[in-house]
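Chains as they are written, first to last, in our numbering: chain W, -5 to 355; chain S, -5 to 355.
Be careful, since some hints might not be right.
Intra- or inter-copy, both count: the list cannot distinguish identical chains.
What the hints assert, rightly or not - No farther apart than 20 Å at their CA atoms in a straight line, the calculated lysine to aspartate or glutamate pairs in the EDC-like style are these:
{"#": "1", "residue 1": "K285", "residue 2": "E257"}
{"#": "2", "residue 1": "K170", "residue 2": "E198"}
{"#": "3", "residue 1": "K219", "residue 2": "E130"}
{"#": "4", "residue 1": "K70", "residue 2": "E120"}
{"#": "5", "residue 1": "K125", "residue 2": "D137"}
{"#": "6", "residue 1": "K89", "residue 2": "D26"}
{"#": "7", "residue 1": "K285", "residue 2": "E265"}
{"#": "8", "residue 1": "K349", "residue 2": "D26"}
{"#": "9", "residue 1": "K70", "residue 2": "E257"}
{"#": "10", "residue 1": "K349", "residue 2": "E304"}
{"#": "11", "residue 1": "K149", "residue 2": "E178"}
{"#": "12", "residue 1": "K219", "residue 2": "D41"}
{"#": "13", "residue 1": "K219", "residue 2": "E257"}
{"#": "14", "residue 1": "K170", "residue 2": "E120"}
{"#": "15", "residue 1": "K79", "residue 2": "D26"}
{"#": "16", "residue 1": "K88", "residue 2": "D150"}
Calculated from the structure, these hints are not laboratory results.
2 protein chains.
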Amino acid sequence: MRLVAITWLSCLRRHLQTKTRFLHTLKGPQSDQILMSPTLASLDLPDIWTPISPCHSIPAIHKSFNEQTARILDGKLMSAEIRSKIADQVRQMKKNVGKVPGLAVILVGQRRDSVTYVRNKIIACEEVGIKSVVTELPTDCADADVQNAVMKFNKDPSVHGILVQLPLPQHLDEEKLLDAVCLEKDVDGFHPINMGELALSGREPLFIPCTPKACIELLIRSGVKIAGKRAVVIGRSNIVGLPTSLLLQRHHATVTIVHAYTENPEQTTSEADIVVSAAGVPNLVRGNWIKSGATVIDVGTSPVKDSSCEDGYRLVGDVCFEEVIKVASVITPVPGGVGPMTVTMLLVNALDSAKRMLNYT
Amino acid sequence: MRLVAITWLSCLRRHLQTKTRFLHTLKGPQSDQILMSPTLASLDLPDIWTPISPCHSIPAIHKSFNEQTARILDGKLMSAEIRSKIADQVRQMKKNVGKVPGLAVILVGQRRDSVTYVRNKIIACEEVGIKSVVTELPTDCADADVQNAVMKFNKDPSVHGILVQLPLPQHLDEEKLLDAVCLEKDVDGFHPINMGELALSGREPLFIPCTPKACIELLIRSGVKIAGKRAVVIGRSNIVGLPTSLLLQRHHATVTIVHAYTENPEQTTSEADIVVSAAGVPNLVRGNWIKSGATVIDVGTSPVKDSSCEDGYRLVGDVCFEEVIKVASVITPVPGGVGPMTVTMLLVNALDSAKRMLNYT
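Isolated chain W (complex conformation):
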C-alpha cells in the first residue's frame, strides 16, 4: 500500500517537472520585451491533478485516532433552517410591496450535471416563493444568442438575479458573456468588479459567490473559529477556490491555496486547521493529508458510474471520507454538505438583490 502512495507521488512529481519545463519555455524574453516577466495570459495552464488510486488503498496514518469520528455537518438541515427564514421574508415582501424576488437562469446545452443543478435551483426557488425563469439554448448556439438572453433579463425589472449556468460549451466566450450580466443582478458574483471588491479590504462586493459563502456559513454555524487559524483551500478555480481563499482571508484566517503545481500538497494541507477542498478530484484528500482535529469542507462533486443508483452515477467528493472522518473533528459529506448550502446561498443572494433593487428593507 505504501508503494501505491509513493508511485502516485512520483507521478505527481514527474507531472510537475513537465509543467515546470513548459513554464520555463514561456519565460524567455522576446527581443523587444523590456521585462523578463511573461504576460499573465501565457501563464494560464490547466490545473491537471494526476488521477488518484481508490480511497481504501492507503490507510490513514493517524492510527491512534482510528476510533475517533468527526462530527458530520448536515448541509440539508442547515439549508432547511435558512430556507424557512427566506420563505418568511419573501412572504413579507409580497405582502408589503406586492412583489417577490425573480431569478433568471440561462442554460446552454443539456449537460447532465448542469441540467440537474439548474433543476435543483428552480425547485429551491419554488420552495421559498422566489419566481424563476429558465432560458434554454441549444449547445451550438452563438455568443449573440446567450448575450441577447442576458440583455433581455438585464432590462426586465421583475428579474433581480441572473445566472449563466457554467461550464458553457467551449466555442462560447465565457468571459464576455459573464461580463454582460449587469452588476446589480450578478447573483453568482463572478463579474470581475465583484471579485475585485471581494479581494480589496475596505470594499464590499454586491454579491459573494455562492459556494464560498456556503463554506463560511457552514463554518460559522458549526462554531468553527476562523480568525487567526490556518486554512488551506485546495484548487484555485475562479468560481470556488479563488473566492473562497479571498473570503476566508477577509475572515482573518491565514490562507494558503494548494493547487496542482504545489510541491508536497499533503504536507501543506496537513498544517491546516481548516481545509476546503475544491479540486474536483475524487479521493484526492486522504487521511494523512489532515491534521488531527481539523475541520474539512468538501466542495468536490465528481460523478462516478454506479449502476445501483437511479441515474446510473453517484456524486463523490474530493475527500476520502472513511479515512478523514477518523482524523478530522468536523467534516461535510458529499452529497448533503456544501451542495444544498450553495443553492441556499443563491436564494439569499436573489433575495438580497430584490431588496436592494426594490429599496425594501
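Fit chain S to the given chain W structure using the hints.
Chain S alone, transformed into the frame defined by chain W:
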C-alpha cells in the same frame, strides 16, 4: 534576549485575543438576519502589528549558517538596465509617431514621504523621456477637487497614465477617487476591475500594480524559481500584499498571506522558499523567521529618525537585514532593492499604456 522574544509573542497573542473577541461581537445575528455570516464591511479591522524590539536583540537561531551571506539583489542596477531599454523605446516611439508616453500625478498635501516618492517618479520619467505633469492640491481640498483633476487627465489624450499618490488625507473618499481614474490609464492597477482580472485566471488586467510587478521581476531576473515553490507574503494591503499574493499565485507558487491576525507568523514564514514582506513594520522579520536558503524580498520602507542623514531620517525595511543575510540565499536591501524597481515598473506601465492607446507596437 530570549525573554524579549517571548514577551513580544505574548503581546501579539494578547492583541490577537482582544481582536478575536471583537470579531465575536460582530458575529451575533440580528433578528431579521438570515445568515450567521457578518457583512464583509464589518470584518475590516486595522492590521496593527505590535511594535518590535530593535533588530540586534534576538540572534538568528540558525547558528550553523552564521558564516553564510546571502546574495544581495541590486535593484538600482536592474532598474538602470530596464530604464535604458525604456528610453530606447520612447525614442523610437517619438521618431515613428511623434509622440511620447505621458504620466499625470495628483499629489494632495505635502506628506514628506509622498513628496519624495512623487519627486523620484518625476525624475525617473525625465530620465527615460516620458512626459510628466503633477497637479498639487492642498491637504484640505475637497473630493470634487481631486475628482476634477482626475477627470481632466482622463480626457487629455497626451496623458496615458494617471496616478493618485496614496495615502490621501483621511477626509477624502479614496475608493471613489481611485474608481474615477479611467481604466485604460490606471497605471497603478488599483481599480477593482484590474484587481479582479489579476485574481481571475484566464483573464488579464490592463495593468499590474507596480510593487508586485517589481517583486516578480526581481525574482525572475535573479533566477529564483517561483512555480511550485512555497511563498509567504507578509501583510495584506490593497496596494502591495494582496496583489503580490495574487501575482505569485499566477506564477504557480503556493502562496500564504501572513497578517497581523496570523497565529505563529514566524512558524508559517519559516516554511517558505520565497518571503515577500510588506507589513511596514521595521525589523518584523528576524533571522529565525527565515528558512535556510530562502529568498527574501523586503518591500517595507519605514522612516526612522536619524540625525546623521541629510533629511533627518532614513528608510528601514521590514527585514532585520543583519540577521536574515546569514540565513537567506538571496535578499533585497532597503533602500536600493524593491524601491527603484517599483518606480521602474511605473515607467513600464506608462509606456505600455501609451503603446496600447496609440495602437503602436
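### Message
So, against the hints stated earlier in the document, which numbers end up violated here?
### Response
When the structure is compared with the hints, numbers 3, 5, 9, 10, 14 turn out to be violated.
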